[in-house]
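*Asks:* Sequence:
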Amino acid sequence: MPTDSRALPQIIALGGHSMTTNEEDVSLSRYLLAQVPAGRPRICFLSQGSGEDAFYIANFYRHFLEFNALPSDLSLFRPHTADVATFLLDQDIIYVGGGNTKSMLALWREWDVDKVLLQGWQQGTLLSGVSAGAICWFDQGLTDSIPGSLTALQCLGFLAGSCSPHYDGEAERRPSYHRQISDGKMAGGYGIDDNAALHFVGCEPPRVVAARAGAAAYRVEPTPSGISESKLNASILLSLENGGGHKTL
619 MPTDSRALPQ IIALGGHSMT TNEEDVSLSR YLLAQVPAGR PRICFLSQGS
669 GEDAFYIANF YRHFLEFNAL PSDLSLFRPH TADVATFLLD QDIIYVGGGN
719 TKSMLALWRE WDVDKVLLQG WQQGTLLSGV SAGAICWFDQ GLTDSIPGSL
769 TALQCLGFLA GSCSPHYDGE AERRPSYHRQ ISDGKMAGGY GIDDNAALHF
819 VGCEPPRVVA ARAGAAAYRV EPTPSGISES KLNASILLSL ENGGGHKTL
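Positions 619 to 867 (the working numbering) are the ones given, in order, by the sequence shown.
Mixed in with the good hints there might be a few duds.
Said to hold, decoys possible - Pairs of lysine to any residue residues, derived as SDA-like cross-links and limited to a Cα-Cα distance of at most 20 angstroms, are as follows:
1) Lys849 x Gly787
2) Lys803 x Ser763
3) Lys803 x Gln741
4) Lys733 x Phe776
5) Lys803 x Asp757
6) Lys720 x Gly775
7) Lys720 x Lys803
8) Lys733 x Asp701
9) Lys733 x Leu707
Since the hints were made in silico from the structure, they are not lab data.
Let the hints inform the model, and build the full structure from the sequences given.
*Replies:* Shown next, in the form of structure tokens:
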């Protein structure tokens, strides 16, 4: 079980995070790890969206070992445990990678991983992820899982509404998200820029954190006159050279 099983349910949805040594990626990783009380957080990688790409998994280990975390991964293609539930519920943080959200969710449901993730979240395990690993927690996500277009996808429904990652990183994201909501194919929700994240704690509105100036998240809603998009206040994570911490813009 997580170190503090009384912790409120938490989800951190990252619009874009590459696990490099760049200041932006390092700042977001430090923020993620700081949200659990463990001295050496146990963080497990779910990489089914990428087909459990070996390079992606190796990069995850390399990256989080730099922060004195205890990384692990769960394979569903080459299972290393018959007790998936116990393995996942023993983690402080679950980090879900990017890739094909539709295929990832189908595999999770076949293995009952979705049910275990819900149990862990309710018991205090911090759920997180980037791209596919960000939208999967919502009712719906804007996905490129089907080649040729960005489409609406029914997701896990832990968080109400919809979500699109890479909001400023891919030219078609914003207009496609607006169109899907305007056409009634998606509920209103959130757009998250690369290098930004939404942090949900309990039933409170999400906090927005960003690792570079200009990165943001937006509340996007349908109205009788069209789409309403509101930029949310963001706490900018500061570099170590500037003393760490954050400031709110």
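*Asks:* Determine for every hint whether it applies to the structure shown.
*Replies:* Cross-check of the supplied hints:
no.	hint	in the structure
1	Lys849 x Gly787	holds, 16 angstroms
2	Lys803 x Ser763	holds, 16 angstroms
3	Lys803 x Gln741	violated, 32 angstroms
4	Lys733 x Phe776	holds, 11 angstroms
5	Lys803 x Asp757	holds, 12 angstroms
6	Lys720 x Gly775	holds, 14 angstroms
7	Lys720 x Lys803	holds, 17 angstroms
8	Lys733 x Asp701	holds, 13 angstroms
9	Lys733 x Leu707	holds, 11 angstroms
Violated hint for the displayed structure: number 3, the only one.
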